Amino acid sequence: MSSIVSFFSRRFLIICIAVMAVGCLSLPARCDAQIDRVQFDSWMFNNSGSETTTRTTLKTRIDLEVSYLDEIVDLNDAQIEKIRLAGTGDVKFLFDDVAVARRDFDELMLKEDANNANFNEGYQIASRIQQKLQRGIFGDKSLLRKVSQTVLTDEQREVAMVDKKQRNQRLKQATSRVFIVDFQRQFPLSATQQQKLQQWIEQLDWEAGAVNYSGSFLFLYLISKMSDDELASIFDESQIKALKPTFAAAAGWRPFLIEQGLLAADDKGGEKQ
Amino acid sequence: MSRSMFIFIVMLWLALVVAPGAANRVVAQDVTLEVVTIVENDDEDEDDDGDGDDDDEEPVNAIRVENAAVAAMPFGAHGPVSAEFMEPLVIGELLFIKQVASPDDDQLSQLTAAAKASLKPLSDIVDDDAQQQWVGGNAVLTDEGVKGLMFYGPNQERLKEEPFARVRADAAKYAKPILTVEQYSAYLAEVEKRERLERDASLDLLMTVIDHKVLLSNDQWTELRAAFDKSFKKLEYAWLRMYASNPGYAPTMRSAAMKEILTEKQMKVWGSANNTTFQVYWTQNSFMQVELEWPK
Chain S
1 MSSIVSFFSR RFLIICIAVM AVGCLSLPAR CDAQIDRVQF DSWMFNNSGS
51 ETTTRTTLKT RIDLEVSYLD EIVDLNDAQI EKIRLAGTGD VKFLFDDVAV
101 ARRDFDELML KEDANNANFN EGYQIASRIQ QKLQRGIFGD KSLLRKVSQT
151 VLTDEQREVA MVDKKQRNQR LKQATSRVFI VDFQRQFPLS ATQQQKLQQW
201 IEQLDWEAGA VNYSGSFLFL YLISKMSDDE LASIFDESQI KALKPTFAAA
251 AGWRPFLIEQ GLLAADDKGG EKQ
Chain W
1 MSRSMFIFIV MLWLALVVAP GAANRVVAQD VTLEVVTIVE NDDEDEDDDG
51 DGDDDDEEPV NAIRVENAAV AAMPFGAHGP VSAEFMEPLV IGELLFIKQV
101 ASPDDDQLSQ LTAAAKASLK PLSDIVDDDA QQQWVGGNAV LTDEGVKGLM
151 FYGPNQERLK EEPFARVRAD AAKYAKPILT VEQYSAYLAE VEKRERLERD
201 ASLDLLMTVI DHKVLLSNDQ WTELRAAFDK SFKKLEYAWL RMYASNPGYA
251 PTMRSAAMKE ILTEKQMKVW GSANNTTFQV YWTQNSFMQV ELEWPK
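Taken in sequence, the protein lines are chains S and W.
First residue of the first sequence: 1, per the numbering used here; consecutive thereafter.
First residue of the second sequence: 1, per the numbering used here; consecutive thereafter.
Keep in mind the hints are simulated off the structure, nothing from the lab.
There's no promise every hint is true.
[Stated by the list, open to error] Label pairs and their computed distance ranges (CB to CB): (1) S:Thr150 with W:Glu192: 23 to 33 angstroms; (2) S:Arg135 with W:Lys268: 56 to 66 angstroms; (3) W:Thr263 with S:Gly261: 53 to 63 angstroms; (4) S:Arg135 with W:Trp294: 24 to 34 angstroms; (5) S:Lys146 with W:Ser123: 37 to 47 angstroms; (6) S:Lys165 with W:Thr263: 17 to 27 angstroms.
[What the hints assert, rightly or not] Distance condition first, Cα-Cα at most 25 angstroms in a straight line; then the derived DSS-like pairs of lysine-lysine: (7) S:Lys196 with W:Lys268; (8) W:Lys230 with W:Lys116; (9) W:Lys193 with S:Lys172; (10) W:Lys234 with W:Lys265; (11) S:Lys172 with S:Lys82; (12) W:Lys147 with S:Lys59; (13) S:Lys59 with S:Lys196; (14) W:Lys98 with S:Lys241.
[As the list claims (entries may be wrong)] Which bits of chain W does chain S cover? Going by a derived footprint, with three or more residues having C-beta under 8 angstroms, they are: (15) 103-113; (16) 151-164; (17) 168-176; (18) 258-267.
Note that the structure is predicted; figures quoted are calculated from it, not measured.
Beta carbons: idealized from backbone N, C-alpha and C, even for Gly.
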């Protein structure tokens with residue numbers, strides 16, 4: 001009987017410890033314990049789970065990118081091979097950065113006074129990779145994208161450009177429409193005002209594909225930089241007055257938007273002249 | 001140490017550490033509604049055909065250990081039931097009527113009084129009977145709408161319905177006897193346009209989420225969007241918004257059109273996506289620092 005009780009007690013103890021351990025891992029801000037590499041990796045590969053799954057996801061992404069282009073311009077084997085190789089290069093660059101992040105993290109954890117402050121610093125290091133993965137590593141500046149352009153014939157390139165333009169247009173429309181809904185759920189607008197605001201956003205020069213929280217920050221920042229005449233062409237006087245605190249706050253987002261890659265450092269960002 | 005002592009320690013730990021920390025598990029914030037990750041599907045054995053849909057008729061309620069802490073959220077700890085957090089929505093809808101129906105001063109006073117009077121009954125949106133239990137499960141997008149989706153107030157109050165829909169329905173009722181027939185028709189016409197805009201934006205969000213995962217061609221985008229518009233009778237904007245803001249995750253959905261329009265390779269990628277259920281939480285947090293005031 002005592003052994004049965006002992007068995008259940010041990011089992012219970014193990015379960016308790018496991019539950020507490022899981023809790024500590026998933027609620028970092030509340031635990032004083034020093035974090036380890038496993039936790040650090042889970043922060044970096046937040047969305048895809050682990051290094052292995054991230055590598056698999058990226059490899060699959062290269063396949064999709066090649067298939068997409070092949071569908072449009074009918075690539076030959078040599079072109080496919082070069083594009084794949086370029087994509088592999090992007091993955092290598094990413095994991096070079098991962099190695100640097102891990103080294104920085106290890107150095108941080110070796111400090112004698114490793115505590116919650118360093119804990120937060122560790123999270124910042126992991127965020128560098130997390131954000132890259134979130135944005136996607138095969139953007140316009142990637143090797144894959146650049147090589148995809150250079151290996152095409154003139155005729156193929158023209159077809160690809162038309163396709164890219166269409167894609168950019170539909171993503172821009174989607175992005176701006178989502179922002180309008182976000183906006184009007186906070187601040188009521190008539191259908192005419194919604195249309196005017198959407199058109200104003202769409203005619204601006206910005207890269208599509210940012211239908212996310214940061215995208216809304218960008219648009220609100222740009223609206224805050226509207227001239228008085230532009231504002232008056234969309235909003236009425238009482239609305240402009242009510243929106244002033246919002247615009248004042250949004251005007252200070254420039255550094256954040258540059259950091260997020262949504263605004264170029266040399267971009268005037270619709271600054272009033 | 002005795003077993004009862006361990007139970008006490010674990011319960012204390014859950015109450016003091018995990019439950020308050022659950023709020024920190026919010027993965028992202030939306031404009032007026034935020035969503036927390038509640039359930040991750042165990043997609044290894046659910047999606048055999050890679051259509052992003054659990055192949056069983058009913059979704060599997062697979063709560064992983066890492067999510068068990070969320071289940072310990074202190075429901076019922078929100079104090080007296082109140083729907084004060086709905087006030088900005090009520091003012092917003094009133095301002096919308098003002099904007100689109102152009103009421104005169106007298107009408108505006110009546111509308112404002114009616115809107116204020118609608119606040120108290122709004123507290124019945126909080127589901128008292130459901131406060132003591134957390135209901136886990138997967139939200140699944142079906143032709144009929146999103147099944148299994150829960151709405152919560154700022155203090156984890158379970159809500160019986162989507163807050164915007166409720167406030168707008170109330171406004172349509174109190175505005176009718178105050179506005180003239182022409183004004184009311186103008187208001188309804190604007191409401192219809194707003195509904196179309198929100199539906200289009202919801203479709204945009206869904207398409208963007210899928211495109212992010214499987215890279216849709218322009219033709220596929222057009223075909224799939226049209227098919228979704230035809231098949232999905234109801235879409236939840238705030239719910240889809242979160243998937244677009246958190247591209248690492250994907251909603252669970254049932255759609256025959258996806259199997260027809262996506263390639264085998266794309267379906268495989270979609271099937272391996274991280275299907276995670278977001279439940280919709282109300283929050284005052286916003287990217288817009290705007291405080292709406294009652295009309296004077």
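Hints and how they fare:
no.	hint	result
1	S:Thr150 with W:Glu192: 23 to 33 angstroms	violated (50 angstroms)
2	S:Arg135 with W:Lys268: 56 to 66 angstroms	violated (24 angstroms)
3	W:Thr263 with S:Gly261: 53 to 63 angstroms	violated (31 angstroms)
4	S:Arg135 with W:Trp294: 24 to 34 angstroms	violated (42 angstroms)
5	S:Lys146 with W:Ser123: 37 to 47 angstroms	violated (58 angstroms)
6	S:Lys165 with W:Thr263: 17 to 27 angstroms	holds (23 angstroms)
7	S:Lys196 with W:Lys268	violated (41 angstroms)
8	W:Lys230 with W:Lys116	violated (38 angstroms)
9	W:Lys193 with S:Lys172	holds (20 angstroms)
10	W:Lys234 with W:Lys265	violated (29 angstroms)
11	S:Lys172 with S:Lys82	violated (30 angstroms)
12	W:Lys147 with S:Lys59	violated (34 angstroms)
13	S:Lys59 with S:Lys196	violated (42 angstroms)
14	W:Lys98 with S:Lys241	holds (16 angstroms)
15	103-113	violated (count 0)
16	151-164	violated (count 1)
17	168-176	violated (count 0)
18	258-267	holds (count 3)
Consistency with the previously given hints fails for numbers 1, 2, 3, 4, 5, 7, 8, 10, 11, 12, 13, 15, 16 and 17, ordered from lowest to highest.
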